[in-house]
Structures are given as C-alpha cells and as structure tokens.
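4 protein chains.
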Amino acid sequence: MLVPIRVLVNGIGTIGKRVAHAVSLQPDMVLVGVSSPRPSLGVLSSLSRGGVLEGVPFYVRGASPSLFEERGVRVGGVLEDLLGSGRVDVVVDAAPGGEGLRNRDELYSRYGVRAVFQGGEPAAVAELTFSPFFNYGDAFGRRYVRVPSCNTTGILRVVSALSSLGELREVFVVIARRAADPADRKGARLNALSLDGGVPSHHASDVRTVLPWLNVFTVAVKVPTTLAHLHVARVRLGGRLSRGDVIEALESHRRIVVAGGEFEATPDLLEFFRDRRLRGDMYEVAVLEDSVHVDGEYATLSYVVHQEAVVIPENIDAVRAMFLGGDPEAGMEATDSSLGVTRGRLAPRRALVAARQS
Amino acid sequence: MLVPIRVLVNGIGTIGKRVAHAVSLQPDMVLVGVSSPRPSLGVLSSLSRGGVLEGVPFYVRGASPSLFEERGVRVGGVLEDLLGSGRVDVVVDAAPGGEGLRNRDELYSRYGVRAVFQGGEPAAVAELTFSPFFNYGDAFGRRYVRVPSCNTTGILRVVSALSSLGELREVFVVIARRAADPADRKGARLNALSLDGGVPSHHASDVRTVLPWLNVFTVAVKVPTTLAHLHVARVRLGGRLSRGDVIEALESHRRIVVAGGEFEATPDLLEFFRDRRLRGDMYEVAVLEDSVHVDGEYATLSYVVHQEAVVIPENIDAVRAMFLGGDPEAGMEATDSSLGVTRGRLAPRRALVAARQS
Amino acid sequence: MLVPIRVLVNGIGTIGKRVAHAVSLQPDMVLVGVSSPRPSLGVLSSLSRGGVLEGVPFYVRGASPSLFEERGVRVGGVLEDLLGSGRVDVVVDAAPGGEGLRNRDELYSRYGVRAVFQGGEPAAVAELTFSPFFNYGDAFGRRYVRVPSCNTTGILRVVSALSSLGELREVFVVIARRAADPADRKGARLNALSLDGGVPSHHASDVRTVLPWLNVFTVAVKVPTTLAHLHVARVRLGGRLSRGDVIEALESHRRIVVAGGEFEATPDLLEFFRDRRLRGDMYEVAVLEDSVHVDGEYATLSYVVHQEAVVIPENIDAVRAMFLGGDPEAGMEATDSSLGVTRGRLAPRRALVAARQS
Amino acid sequence: MLVPIRVLVNGIGTIGKRVAHAVSLQPDMVLVGVSSPRPSLGVLSSLSRGGVLEGVPFYVRGASPSLFEERGVRVGGVLEDLLGSGRVDVVVDAAPGGEGLRNRDELYSRYGVRAVFQGGEPAAVAELTFSPFFNYGDAFGRRYVRVPSCNTTGILRVVSALSSLGELREVFVVIARRAADPADRKGARLNALSLDGGVPSHHASDVRTVLPWLNVFTVAVKVPTTLAHLHVARVRLGGRLSRGDVIEALESHRRIVVAGGEFEATPDLLEFFRDRRLRGDMYEVAVLEDSVHVDGEYATLSYVVHQEAVVIPENIDAVRAMFLGGDPEAGMEATDSSLGVTRGRLAPRRALVAARQS
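Quick note, the sequences are listed as chains S, B, H and W, same order. Heads up, the first sequence is in my numbering, so the first residue is 1 and it goes up one at a time. Heads up, the second sequence is in my numbering, so the first residue is 1 and it goes up one at a time. Heads up, the third sequence is in my numbering, so the first residue is 1 and it goes up one at a time. Heads up, the fourth sequence is in my numbering, so the first residue is 1 and it goes up one at a time.
Do not take every clue at face value.
Repeated chains share a single entry, so a pair holds when one copy, or any two copies, can fit it.
Stated by the list, open to error - Pairs of lysine to any residue, SDA-like flavour, derived with a Cα cap of 25 Å:
1) Lys186 with Asp290
2) Lys186 with Gly13
3) Lys186 with Glu248
4) Lys186 with Glu262
The set of hints was computed from the structure by calculation and includes no laboratory data. Treat the numbers as computed from the prediction; the structure is a model and nothing was measured.
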C-alpha cells in the first residue's frame with residue numbers, strides 16, 4: 001500500500017467529530033490529530049474517556065493545554081507547531097461557518113497545508129466546490145477544495161440519480177429544514193415556521209457552483225425540529241418516464257436509499273440507523289417511496305437528509321480525490337465500504353407485502 | 001331590511017365556534033342556536049359565562065341537557081325539535097370530518113333544512129364546492145354547499161389574485177402544515193416531519209372541485225407546530241411579469257395581506273392579530289413579502305394560512321350566496337366589513353424604511 | 001370623581017402592551033401615552049391601525065418619529081419632553097430586564113416621575129416589591145414600586161389563599177417554565193429540558209422580598225413550550241386539613257380559578273380564555289383540581305400561570321395603591337371588575353357530573 | 001464456566017431490542033431468540049441486515065413468517081414451539097404495558113418458562129418487584145420478577161445513593177417527563193404541559209413495591225420532548241450533611257454520574273453518549289451537579305433519566321439474580337462491565353477549571 005494521507009481535522013463539532021471518526025476508518029489515511037479552539041461538547045464527547053476518538057492527539061491553539069487535559073483529552077501539542085512540522089498533508093476544516101476562511105489565511109496558507117472546507121464557507125474559499133458524482137477528477141492536485149453543505153449534498157445526489165434518465169430541464173426544491181441540531185445551544189424559535197434566508201435560498205446557487213448549467217430553484221422553510229431535513233422536489237425530466245424508472249434510478253444510485261411506506265416520518269429513519277451505526281448516522285439520502293410521483297415530464301419526490309452525517313462520505317472522497325485522483329467509482333467505493341454506506345431499499349415494497357400476506 | 005337568514009351551527013369546535021360568532025355579527029343573519037354532541041372544550045369556552053357566545057341557545061341531540069346546563073350553557077331545547085319547527089333556514093355543519101355526511105342524511109335531509117359543509121367532508125356531500133371568487137353565483141338556491149378546507153381556501157385566494165395577471169399555466173404548492181391545533185387532544189408526533197397523505201396531496205384535487213381546468217399539484221409536509229400553515233407556491237404565469245406586478249396583484253386582492261420583512265415567522269403574524277381580534281383570528285392569507293420572487297414566467301411566493309380562521313369569511317359568504325345571490329363583491333364586502341377583514345400591507349416596505357432611516 | 005392618575009407605559013412588549021390596555025380600561029386612570037425604543041412587534045401590533053391601542057400617543061426617545069409614523073403609529077412627541085412637562089404622574093416601566101434600572105436613573109429620577117417596575121429588574125430598583133395581598137398599604141406615597149414577575153406572582157397568590165387556613169410552615173415549588181413567549185425572537189433550545197438558573201431558583205428569594213419570614217424553596221425547569229408555566233407546589237400547612245378545605249380556600253380567593261378535570265393541559269386553559277378576552281389573556285392562576293392532594297400536614301397542588309397576563313392586575317393595583325392608598329380589597333376589586341378577572345370554578349366537579357349522568 | 005442462561009426476549013420495541021442486545025453481551029447468558037407480534041420498526045431496525053441483532057433467530061406467534069423474512073429478518077420458528085421445547089430458561093417480556101400479564105397467563109405459565117416483566121405491568125404480575133440495590137437476593141429462584149419502569153428505577157438509584165448517608169425521612173420528586181419516545185407513532189400534545197396521571201403519580205407507589213417503608217411522594221408533568229426525563233427531588237436526610245457529602249455519595253454510587261456545569265440540558269447528556277454507545281444509550285442516572293443544594297436536613301437535586309436505556313442494566317441483573325443468586329455487587333459488576341456502565345463525574349468541577357484558568 002501507498003503511504004497513507006496524513007489528515008488533521010480542525011473543528012470538532014457536529015461535522016468535525018464525524019469526519020475525524022470516518023478518517024480513522026480509512027485504510028489509506030491516518031488521523032494525525034484534531035484541533036478545536038474550545039473544549040466544546042463535541043470535544044468532550046468524542047475525545048474524553050470512552051469516546052469514539054479517545055486517544056487521538058489533540059492540538060491546541062491559543063488555549064491552555066490543561067483546559068483539555070483536565071477533561072480527559074490527550075493533548076499532542078500546539079496546532080501551529082504541528083502544521084509547521086510537515087507531518088500533516090491536509091486539514092479538513094470543520095470550523096463554524098466563516099472561520100474556515102480565516103483559518104485558511106492564518107494557518108493553512110501560512111504553513112503550506114492543503115485543506116478541505118465545509119459548505120458553511122463561501123465558495124470562494126476554495127478552488128473547487130466538490131461533488132464526487134460530477135467533478136471527482138477535478139479535485140486532484142488542488143490545494144483547497146470545498147464540500148457543499150448537507151442540503152446541497154442531498155440535492156446533488158438526487159440530481160445525479162435522475163440525470164441517469166436524461167438531462168434535467170428544471171429542478172425546484174422546497175426544503176423543510178431543521179431549525180437546530182439536537183444539542184445546539186443557540187436555540188431556535190419554538191412552535192414557529194419561517195423562511196430560511198431569501199428566495200431563492202442559497203442552496204440553488206450552491207448547487208450551481210458544481211453544476212453551473214442547471215436550472216435549479218430552491219426555497220427553505222425553517223421548522224422546529226432537530227432530526228433531519230425533508231425535501232420536496234419537483235423535477236422536469238428530459239422526457240416521459242414511468243414511476244418505476246424513477247424509483248429504479250434512485251434505488252440503484254450510490255448513497256441513496258428508498259424507504260418503503262413503513263418509514264413514515266423522519267424519526268422512523270433515524271431510529272433505524274440508531275440500531276446500526278454509532279450516533280445513528282444516516283449517510284444516505286432517504287427517498288420516501290410513497291412520495292415518488294411521475295406525471296408526464298414531471299417527477300415529484302420527497303427525501304430526508306440527515307444534516308449531521310450526509311456530508312461525511314463526500315468529505316472523505318474529497319481528501320482521496322485531492323491526493324490520489326483516479327477512478328471516481330473506486331474512490332467512492334473505498335469510502336462507502338469503510339463506512340458501511342448502503343443503497344437500495346430499506347423495506348419491502350408494499351405491493352409485494354400485500355401480495356404475500358393475502 | 002329583509003327578513004334575516006336563520007342560521008344554526010352544528011359542531012362547536014375550532015371552526016364551528018368561529019362561524020357562530022361570525023354569524024352573530026351579520027346584519028342579515030340571525031344565529032338561532034348552536035348544537036354539538038358533547039360538552040367539548042369549544043362548547044365550554046364559547047358558551048359558558050363570559051364566553052363570546054354566552055346566552056346563545058344550545059340544542060342537544062342524544063345527550064342530557066343537564067350535562068350542558070351544569071357547565072353554564074343555556075339549553076334551548078332538542079336539536080331535532082328545532083329543525084322540525086321550521087325556525088332554521090340553514091345549518092352550518094362544522095362537525096368533525098365525515099360526520100357532516102351522516103348529519104346530512106340523518107338530520108338535514110330529513111327535516112328539509114339546507115346546509116353548508118366544511119372541507120373535511122367529501123366533495124360529494126354537496127352540490128357545489130364553493131369559492132366566492134369563482135362561483136359565488138352558482139350557490140344561489142342550492143340546498144347543500146361545501147366550503148373547502150383552510151389550505152385549499154388559501155390556494156384559491158392566491159390563484160384568484162394571480163389570475164388577474166393572466167391565466168395561470170401551472171401551480172405547484174408545497175404546504176408545511178401544522179400537525180395539530182393549539183388545543184388538539186389527539187396529539188401529533190413530536191420533533192418529526194412526515195408527508196401528510198399521498199403525493200399529490202388531496203388539496204390539488206380539492207382545488208379542482210372549484211377550478212377543474214387548473215394545472216395544480218400539491219404536496220403537504222406535516223410539521224410539529226400548532227399555529228399556522230406555511231405554503232411555498234411556484235406558479236407559471238401566462239407571460240413575463242415584474243415582481244411589482246405580482247405584489248400589487250396580491251396587495252389589492254380581497255382577504256390577502258402582504259407582510260413586510262418585519263414579519264419573519266408565523267408567530268409574528270399571529271401575535272399581530274392577537275392585539276386586534278378575539279382569538280387572534282387571522283382571516284387573511286398573509287403573503288411574506290420577502291418571499292415573492294419572479295423569474296421569467298415563474299412567480300415563487302410563500303404565504304401563511306391560519307387554519308383556525310381562514311375559512312370563516314367564506315362560510316359566511318356561502319350562506320349569503322345560497323339565500324340572497326346577487327353581486328359577489330357586494331356579498332363579500334358585507335362579510336368583510338362585519339368581520340373587519342383587511343387587505344393590503346401590514347408593514348412598510350423595507351426599502352422605504354431604509355431610505356428614511358439613512 | 002377624583003382627578004385621574006396620568007400614566008405612561010414605557011416598553012411595549014408582552015407586558016407593556018397589556019398594561020397599557022389595562023390602564024386604558026381604568027376609570028380612575030388615564031393613559032397619557034406609551035413609549036418604546038424601537039418599532040418592535042409589540043408596538044406594531046398594538047398601536048397600528050386596528051390595534052387595541054390605536055390612537056394612543058407614542059413618545060419617541062432617540063429615534064426618528066418617521067420610523068413609527070410610517071408604520072401607522074401616531075407619534076405624540078418626544079419622551080423626555082413629555083416627562084418634563086409635568087403631564088405624567090407615573091410611568092409603568094415594562095422595558096426588558098435591566099433596562100428599567102437605567103431608565104430610572106436616566107429618566108424617571110431626572111424628571112421627578114414616579115414609576116412601577118417589573119420583576120425582571122433587581123429588587124433594589126424600588127423601595128417596595130409589591131403584592132396587593134400582603135403589602136397594599138405600604139405602596140401609598142412611594143416613589144418606586146416593583147411588581148414581581150409572573151411565577152412569583154403566581155406563588156404569592158397561592159400562598160395568600162392557603163395562608164387563610166393557617167400559617168404555612170414550608171413551601172416547595174417546582175416550576176416547569178415556558179422557554180419562550182409565543183413570538184419570542186431570541187429562541188430556545190428545541191426538544192430540551194434544563195434547569196433555569198441555579199438551585200434554588202431566584203423565585204424563592206423574590207417571594208421573600210414580599211414575605212421575608214416565609215420558608216420557601218423553588219426550582220425551575222425550562223421546557224420547550226410557549227403557552228404557560230406549570231407549577232407543582234408542596235406546602236406544609238399549619239395543621240391537618242381536608243382536601244375540601246384547601247380547594248375551598250383556593251376557589252374563594254381573588255384571581256385564582258380551580259379548573260376541573262376537563263382542563264387537562266395548558267392549551268385547554270388558554271383556549272378557554274381565547275373565547276372571552278383579547279389576546280386570550282388569563283389573568284387568573286388556574287389550579288388543576290385533580291392535582292390537589294392533602295396528606296396530613298402536606299398539601300400538594302399544581303397550577304398554571306400565564307406568563308403574558310398574570311401580572312397585569314397587580315400592575316394596575318400598584319399604580320392605584322401608590323396614589324390612592326385605601327382599602328386593598330376595594331382597590332383590587334376596582335382592577336378586577338374593569339378587567340373581568342374571575343375566581344371560583346371553571347367547570348363542574350367531576351363527581352357531580354358523574355352523578356347526574358348516571 | 002457454568003452453563004449459560006438461555007434467554008428469549010419477547011417484544012422488540014424501545015426496551016426489548018436493548019435488552020436483547022445487552023443479553024447478547026453477557027458471558028453467562030445466551031440469546032436464544034427474540035419474538036414480537038408484528039414487524040414493527042424495532043424489529044426492522046434491529047434485526048434486518050446491518051442491525052445490531054442481525055442473525056438472531058426470530059420466533060413468530062400468530063403471524064406469517066414471510067412477513068418477517070421479506071424484511072430481511074431471519075425466522076427461527078414458532079414461538080410456542082420454542083417455549084415448549086425446553087430450550088428457553090427465561091423470557092424477558094418487553095411487550096407493551098398490559099400485554100405482559102396476558103403473555104404470562106397464555107404463554108409463560110403454560111410452558112413453564114420463567115419471566116422478567118417490565119414496569120408497564122402491574123406489580124401483581126410478578127412475585128417481586130426488583131431492585132438490585134435493595135433486594136437482589138430475593139430474586140433467586142423466583143419464577144416471575146418485575147423490573148420497575150425508568151422513572152422508578154432512577155428514583156431507586158438516587159435513594160440508594162443517599163441512603164448511604166443515613167435513613168431518608170422524606171422523598172418528594174417532581175418528574176418532568178418526556179411525552180413520547182423519539183420514534184413514537186402515537187403522538188403527544190404539541191406545545192402543552194399537563195399532569196401525567198393523578199397526584200401522587202404512580203411512581204411513589206411503585207417505589208414502595210420495593211421500599212414499603214419509604215415516605216415518598218411523586219408528581220409527574222408531561223412535557224413535549226422526546227429525549228429524557230428530568231427529575232427534581234427534595235429529600236429530607238436523616239441529619240445535617242454538607243453538599244460535598246451528598247455529591248460524594250452520588251459520585252461513588254454505581255450507575256450514577258455527576259454531570260458538571262458544562263452539561264446544561266438533556267441534549268448535552270445524550271449527545272455525549274451518542275459518541276460512545278450504540279443508540280446513544282445512557283444507562284446511568286445523570287445528576288446535574290449545579291442542581292445539588294443542601295440546606296439543613298434537606299437536599300435538593302435534579303437528575304436526568306434516559307427512558308430508553310436506564311432499565312437495561314437492572315433487567316440483566318434480574319435474570320442473573322433469578323438464576324445465579326450470589327453477591328449483589330458481583331452481579332451488578334458483571335452487568336456493568338459488559339455494558340460499559342460508568343459512575344463518577346462526566347466533566348471537571350467548575351471551581352477546579354476556574355482555578356486552573358486563572
């Protein structure tokens with residue numbers, strides 16, 4: 001095997017701790033360490049005794065090591081020293097939105113370390129906004145690559161799946177988005193619905209950083225829930241297709257599962273994954289089978305995006321694509337097999353069940 | 001003045017108690033009484049001492065009068081006796097969904113009383129599904145008329161407003177719908193998002209009971225909130241129009257208000273009406289000004305529908321149209337002036353404010 | 001009649017707009033005007049066209065009058081000018097917590113105007129923390145008086161009612177408190193429970209500003225709801241009493257209602273008041289009848305406190321007591337009859353109902 | 001090693017799937033199989049491909065095997081056949097409340113199989129309501145044993161810890177209880193607070209099934225959250241103790257953790273365990289350190305009970321105690337080491353941190 005890619009994860013919140021865990025599962029990567037400005041809940045939960053990242057060296061920046069050590073976190077040294085030592089090939093930056101840009105200028109650029117940024121940063125933070133389904137090869141050799149945020153990632157996967165049926169002429173998505181993550185301290189308005197940002201929401205332009213030619217429009221509604229986003233998409237396909245064609249395209253696409261009618265609501269899906277993955281991570285976009293409707297050139301469908309986990313595979317892909325290039329399918333397969341990402345169906349078709357029951 | 005229309009309201013829940021109150025405010029109607037099978041919260045809150053319907057005669061059906069009297073409700077007699085007495089011209093039936101159909105066959109048909117039904121009943125319950133904006137005149141002389149439910153009412157008003165700009169070619173609406181009313185006892189799933197019914201949701205076919213030719217598609221998402229529904233509509237207009245045209249069409253339409261950027265979320269709107277109307281009823285559809293976007297032939301907009309109150313004006317219209325016919329505008333104006341229903345803007349344009357502030 | 005007390009309300013949020021409305025209903029007071037630093041939702045909803053305070057003069061402070069005028073608010077002048085003119089006897093300060101103290105020093109003290117403060121201010125803001133049940137007479141002639149906040153007001157009323165049965169030896173209250181008001185913009189944690197402040201919570205010491213000798217301990221738990229607080233109190237009475245004694249003491253006490261078993265949850269109570277009072281204000285503390293349990297010397301009971309409205313009567317009392325003194329009962333009765341505050345029972349006793357049904 | 005205890009788990013919901021998983025981790029037990037009447041979400045999530053119980057034989061009762069097989073569940077046979085075969089020593093019954101009693105009469109009694117029941121069953125279902133801290137030895141040789149429900153389990157642990165300081169004279173607990181589990185389909189009232197059951201709540205009498213002499217009183221308030229219960233307890237200790245004594249007693253007690261001030265709310269605790277255990281199970285009762293207050297003879301404290309997981313260790317203990325008897329500490333230690341149950345502190349003392357920071 002080749003020399004593994006040496007990765008540091010900077011920012012140990014919802015995304016960072018998951019990326020770090022995922023990196024640690026890659027045979028061709030090594031998790032050199034993690035860093036975060038404060039002993040946040042994410043640091044405490046993942047790095048203290050019994051946590052999934054227990055023992056991973058933590059690198060401090062502008063804070064006292066004892067602040068971390070007394071919480072049971074193993075401190076490896078000072079972040080700047082590590083970055084200057086040449087022992088890090090790439091940082092996955094999962095700092096809160098906007099801090100990544102500053103980190104790039106103050107840290108990564110200064111120490112000549114490459115970086116992957118998250119979708120909370122402006123697209124200009126990087127040379128490329130990355131989607132393994134559309135521009136895997138473009139990432140090779142890049143210094144800075146950005147992985148778009150959860151909702152954009154979800155849209156891109158569905159667009160990729162449906163594009164296998166022909167070029168999409170229009171994509172309109174309404175996003176019912178969770179107002180806060182489960183342990184978010186900043187809070188949200190109780191019992192309230194509101195638009196999230198302007199119209200169109202930023203997701204449309206974010207999709208176009210990857211697919212500039214796509215006719216896409218998005219609106220996001222903030223809803224008082226913590227578990228997941230639910231999208232309703234109306235897509236104008238290149239021609240008349242059957243519902244079966246559409247479902248098959250979705251079922252056979254990487255990182256998409258089709259959830260039968262037994263999965264009625266977001267908690268059903270997340271409960272399913274609680275019984276199989278740490279943190280209940282749902283890496284897959286879960287299409288609600290009962291929602292898939294095709295009339296003429298239009299397909300309507302609804303799917304669930306787990307904001308905490310959906311971008312993790314794409315982050316791992318990005319690292320691999322930047323350093324190793326190669327075949328996109330092979331790269332994604334490496335990610336998916338290491339993380340156990342699935343595709344296909346979660347429950348039997350209703351018709352089938354009904355038939356067998358009678 | 002003419003002899004007033006003698007109205008009974010059957011079913012004193014969320015809708016029924018509001019219709020009864022609204023009837024009592026009409027100069028050309030008289031509220032003969034109300035009825036309900038059980039001493040529900042709606043009965044107790046509206047008819048007991050101090051309630052908005054205090055003193056209105058209550059007619060029992062298959063229950064002991066004392067059950068109501070001991071709760072401070074004035075009992076006028078037995079429902080069947082009243083209906084048989086010829087002292088009721090029309091019943092507004094606001095019983096729970098499905099019971100209206102049974103009431104029609106067991107009561108109204110038997111005693112030869114005309115009736116207005118709610119949208120929870122199947123369209124077949126009545127000869128006409130009514131919208132004063134589209135078929136006011138058709139209601140005259142009808143025996144049974146149905147007023148569609150809150151979300152359909154909201155869509156019909158917006159369609160009416162936008163149709164003033166030309167024929168609509170496509171209407172696609174995603175409804176983020178409240179999962180339960182504020183005091184609903186049946187409950188809802190906490191912290192969950194799910195589709196409400198199939199795809200398309202029933203609202204599309206319900207709109208077509210009024211506008212059979214309309215190309216309309218709807219999807220409803222159930223969200224854990226009690227206050228109001230929020231719609232996101234994408235409409236293909238007959239031609240290219242400006243954002244100003246669209247806003248003007250909405251602002252000038254009856255029973256629609258355009259809420260400036262200061263109204264960010266559903267509670268802001270409902271709080272506004274708490275300071276001006278009993279129960280905080282928002283009879284108007286409230287378009288979020290910041291949501292109105294026009295690109296080419298497409299207009300996208302978002303609006304709030306208060307499920308408790310939005311159908312009240314249309315119920316009053318229906319009664320009037322059935323008995324008096326006449327000019328739709330005059331009929332609706334009678335309703336709106338009695339209830340204080342408004343149109344236009346709720347807050348100044350942001351640009352204007354900004355200009356004056358600087 | 002005497003010359004009316006000239007009142008200005010400063011701060012038009014949840015409490016301020018209600019106090020202003022209540023002042024306007026008093027025969028012995030006149031609402032000279034209101035003020036608020038910003039055109040907040042409270043200003044907009046209550047003072048613009050159709051609002052309950054439409055036409056009341058608004059006095060600006062450090063802001064452009066046009067900011068209010070363009071929202072349909074009638075501007076009467078500048079706050080400082082008004083205060084300096086001698087046309088205001090007392091300000092009810094309902095500014096956000098902490099601002100009242102600053103207002104006292106910068107405005108009321110400087111212009112020699114008396115003031116009533118809210119419980120969000122430290123007790124030291126005033127000469128007296130006021131409860132009409134315990135120290136009505138002490139308020140006469142005071143310059144600054146403070147009305148404690150909603151939960152403390154609720155506890156004081158219940159303590160007053162139970163004290164009629166003998167001296168209370170211990171009072172322990174757990175407050176399940178709403179995390180945000182219905183239209184709160186600051187938000188709260190979704191799906192979360194947490195302690196609110198330390199243990200004991202500040203309510204215990206706040207109660208003791210009125211009743212220094214009382215053995216009282218409180219703990220507050222923040223819960224994701226907007227409608228009301230729910231208290232569970234365990235009280236050690238001076239001797240052995242029956243459940244009937246305790247319920248009678250509660251039922252016969254001013255500003256307390258006993259809600260029968262039909263009122264199961266906070267929304268049931270608030271829905272009841274939506275049908276009888278603007279904004280659905282519940283001025284009364286509502287004891288849940290089924291919760292009242294007496295074992296030996298201990299009484300356990302649970303009651304609902306509507307955080308938006310419960311302090312309004314006490315604010316009105318405070319103004320009257322400061323200026324007119326006199327008999328507490330007469331003063332409170334003036335408040336209660338003007339606002340329609342009730343006492344007694346909301347629904348019949350279950351046993352009674354059951355007996356009659358059988 | 002001895003012959004392992006052969007265990008079947010009947011009922012694969014929230015509790016059953018966790019007990020089954022826990023049984024599978026015991027060196028002295030073998031999970032013979034599981035059963036459930038329907039292919040519920042719990043069955044699907046835990047037993048289908050990738051689930052934590054994948055491959056465990058499923059035994060059907062009154063349902064077609066294909067209903068399970070087509071969902072990827074491996075069917076081992078018919079439940080009655082298995083029970084009649086002598087290959088099961090004990091059933092842990094985790095059926096919905098009330099069904100356990102029926103299962104006992106229809107199944108376990110008939111086939112002479114011993115059983116452990118959950119707290120949703122009446123105490124009379126079993127010969128003993130079990131707490132390993134109080135009556136471990138009494139379970140040996142019993143046919144039917146009942147493990148009390150989550151809140152009672154939490155109270156019993158805290159009582160056990162505090163009893164180490166002397167006999168408790170009074171225990172009063174207010175339970176802010178979650179209204180529904182995360183994926184509950186039955187729903188709950190949104191935005192509502194209500195009492196759960198009567199006063200006292202059933203928890204007090206349930207505690208007394210274990211500790212008949214204890215002076216305990218409980219009240220439960222239902223709150224719209226899914227994650228966990230939060231208790232506020234006020235305990236009269238046998239004498240005057242210091243806060244340090246109380247915290248030490250809690251910290252050193254099995255299955256209790258003391259969560260420092262960094263853990264502010266229920267989601268903080270559950271997020272911590274998501275990073276270390278499948279399903280984020282928190283087996284421990286988590287005392288909020290900042291809530292611990294001692295004044296004179298009274299200790300007040302607040303703690304979090306994870307309703308999904310807290311009873312799992314006690315279920316495992318019950319099986320072991322029934323069959324092996326022996327030393328309680330050794331029995332519990334076997335459970336705790338297999339499941340990774342901890343005790344002590346979750347985060348450093350604030351004072352300590354402050355000291356080091358300065």
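Hint check:
no., hint, in the structure
1, Lys186 with Asp290, "between (35 Å within a copy, 21 Å between copies)"
2, Lys186 with Gly13, "both (14 Å within a copy, 22 Å between copies)"
3, Lys186 with Glu248, "neither (41 Å within a copy, 33 Å between copies)"
4, Lys186 with Glu262, "between (34 Å within a copy, 15 Å between copies)"
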